[in-house]
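S.K.: Residue numbers (numbering that gives the first Met the number 0), protein chains in the order written: chain A, 0 to 366; chain B, 0 to 211.
Each hint should be verified, as a subset may be incorrect.
To be verified - With the Cβ distance kept under 10 Å, some of the chain B side facing chain A (calculated, not the full set):
1) A46
2) L48
3) L49
4) K64
5) V74
6) N75
7) L82
8) Y83
9) F86
10) L87
11) Y96
12) K100
13) K113
14) F117
15) L139
16) G143
Unchecked claim - Calculated pairs, SDA-like style, for lysine to any residue (alpha carbon to alpha carbon, straight line, at most 25 Å):
17) B:K43 with A:S255
18) B:K170 with B:V28
19) A:K174 with B:S128
20) A:K174 with A:L264
21) A:K321 with A:L30
22) A:K250 with B:Q186
23) A:K174 with B:Q192
24) A:K239 with B:K9
25) B:K146 with B:A99
26) A:K363 with A:L30
27) B:K64 with A:A348
28) A:K250 with B:A209
29) A:K363 with B:V28
30) A:K196 with A:I2
31) B:K105 with B:S128
32) A:K239 with B:K43
33) B:K90 with A:T258
34) A:K363 with B:K90
35) A:K196 with A:L292
Calculated directly from the structure, the hints in this document are not laboratory data.
Ideal placement from N, C-alpha and C gives every residue a C-beta, glycine not left out.
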Amino acid sequence: MKIVFTILQKVIVNHFYRVNAGFFLFMFFVLFGMPVNLAQFHLAIITIIVQNPFGLAGGMLVWLLYNVKCMDYAIKQMRNPQQQFLFCITNLPASACFGYLVYVQVLVYMPVLAYSLVAAVIAVNGHYYGSAAGIVFFTVASITLTAAVYLRVLQRKPFIQSGIVFPKTGIRPGKPLFTLPLYYLLYNRRQMLVATKIFSLLVLYIFFKLYEPDQYDIRPLLLCFMLATAANSSIVFQIKVFEDSFTGFAKNFPFSLLTRFGILLYTYLFLMLPELVFVCKGWPLHVHLFDYLQLLLLGVGLLSLFHGALYTDDMDTEAYFKIVFAVLAILFFVILYNPGILLECVLLAVSFGLFASYYYDFEKKYD
Amino acid sequence: MLQFEKLQKKYGSFTALDIDSFVIDDGIVWLQGENGSGKTTLLKTIAGLLPFMGDIILNNNLRIKKQRQEFLHLVNYGETEPLYPGFLTGKELVKLYCYAKKGSIKQCEELLQKLHVFEAYNNPVATYSSGMVKKLSLVLAFTGNPKWILLDEPLVAVDVASVETVCGIIKNKHEQEGVSFLITSHQAFYSGQLTFTASLLAAGHSIKKAGA
């Protein structure tokens, strides 16, 4: 019995936290790294959740998004050909199997579980019994229903029995090389892509909503756009993983280094399109036409720099996010000195330098 | 002609290949050797997929380190276990390779028909069997106007009827277009199926002429 817990923990739970180390580091920074009274800050958030129905709905939406992330990961892991041996667990009685999967879900859901339970306790203390019941019901449903989904995946049973056939449009857009990572994100990392875009657009939206400058200055928007771009750094890591796993054959294509770098820039230009379109909302109060070019180059340059950094060594997410944070810390101070478009030119030059120096020398290490 | 100059390939501290100087003449060359003898590493190195020390020279004038783009125009590679993004269709891969290698889509389609995988041409690769993916990868390796085609275990997962077809394509490419082949295979070829002009043996981190 214990061996099943151990195997599931090693294969699914531990791997989940390892793969998402960057995400948790980032969330930790956002939730606990701000220069405010942390207890008061979180108490204020929880108070909004328990006292206001819209706050409760908002909180549940965020928790649901996290749960979707957990589900997306766990299902992919269970369907991974390397983990096919997990199918043997289904030889156990379904109730026991379900119990094991509840255990898995509790562990991957733990950060939200802890936060929501604290919220429920505060709700009970404040006599908001409806909110407390709602939170408990939502939490139990999230865990049990998700475990039931896992069980179905493990048993290789289809979710839809009737075999519904969705109508096809017949439209098949072309897939040039630079679009392959984007298609990969759409097909295989959709939830991550959507969550990242919601977050980065939310950051920009809040900025435009709350910040009204007395006089025009591009630097605050540059800093905010840098944060929105940095939110895409997890996606950059996934694109590199995809490149190593599935498009290694392209190294045999007779393309020059400049062409290959151009393909990379195109990829990140298209990835940043939602943010680049949304930022037009700030015209003319927050951004002028010439400075828009700065934003564009900052987005593309920063992501290609992160990508270039991944060629320097076969690094894990932890090492990668250290680099990301270091780059952001340096850029924060550089932007304050208002270097203008020179900064973006330097970013692109350094990215190309890294790319040119390490692209052909990079080699994935297999342990 | 492929020429190796002080070629050294290491995985960490492990030396996989250490070839001081060696020449492979044009032709259909069979590279044999035990598992782990460095055959795949050698092919991947020539195909530009792996970093290495030293140099590889094609036809006495093209160095992979200095003229990589021109070199890779003339060297194609087919992997043992090819892996492509599952969401791409066979057609999209053919178009991509033909664009990159300046090949003919029509020729690829004809080869796919010969190998009986054309029916799945418009389907995502994720729906292909391993044999179908292998056949597709072979067709992609034949794309363009290469001088050398490197085939790593080309017959693995390929059905008996298609083995004859693959051998026929290799023979035709060599005789009519002057393409040379470097082929690794643990499977023996029947007489008449394919005639090798030379046989090499990978052993002791290096390669030598078989029987030498």
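S.K.: Would you mind marking each hint as holding or not holding in the structure?
M.R.: Here's how the hints hold up against the structure:
1. A46: With Cβ-Cβ at 5 Å, under 10 Å, it holds.
2. L48: Holds, about 5 Å.
3. L49: The hint holds - L49 (chain B) has a Cβ within 10 Å of chain A, the shortest such distance being about 6 Å.
4. K64: Hint holds; K64 (chain B) Cβ to chain A Cβ min 9 Å, cut 10 Å.
5. V74: 7 Å, holds
6. N75: With a closest approach of 7 Å, the N75 (chain B) hint holds.
7. L82: 6 Å, holds
8. Y83: 6 Å, holds
9. F86: 5 Å, holds
10. L87: 6 Å, holds
11. Y96: 8 Å, holds
12. K100: Because about 7 Å separates K100 (chain B) from the closest Cβ in chain A, which is inside the 10 Å limit, the hint holds.
13. K113: 22 Å, violated
14. F117: Given a least distance of 17 Å, the restraint on F117 (chain B) is violated.
15. L139: With a closest approach of 8 Å, the L139 (chain B) hint holds.
16. G143: It holds, given that the least Cβ distance between G143 (chain B) and chain A is near 9 Å, below 10 Å.
17. B:K43 with A:S255: Cα-Cα ~19 Å, so holds.
18. B:K170 with B:V28: 12 Å, holds
19. A:K174 with B:S128: With a Cα-Cα distance of about 22 Å, the restraint between K174 (chain A) and S128 (chain B) holds, given a limit of 25 Å.
20. A:K174 with A:L264: Cα-Cα ~16 Å, so holds.
21. A:K321 with A:L30: This hinted pair holds, its Cα atoms lying about 18 Å apart.
22. A:K250 with B:Q186: Measuring from Cα to Cα gives roughly 28 Å; hence the hint is violated.
23. A:K174 with B:Q192: It is violated: about 38 Å lies between the C-alpha atoms, which goes past 25 Å.
24. A:K239 with B:K9: 23 Å, holds
25. B:K146 with B:A99: 16 Å, holds
26. A:K363 with A:L30: Cα-Cα ~34 Å, so violated.
27. B:K64 with A:A348: 23 Å, holds
28. A:K250 with B:A209: Violated: K250 (chain A) and A209 (chain B) sit about 31 Å apart, past 25 Å.
29. A:K363 with B:V28: 29 Å, violated
30. A:K196 with A:I2: 39 Å, violated
31. B:K105 with B:S128: The hint holds at about 23 Å.
32. A:K239 with B:K43: 20 Å, holds
33. B:K90 with A:T258: Status holds; Cα separation ~23 Å.
34. A:K363 with B:K90: Not OK: K363 (chain A) and K90 (chain B) at ~29 Å, beyond 25 Å, violated.
35. A:K196 with A:L292: Satisfied, since the Cα-Cα distance of roughly 21 Å is no more than 25 Å.
Of the numbered hints stated above, those contradicted by the structure are hints 13, 14, 22, 23, 26, 28, 29, 30, 34, listed in ascending order.
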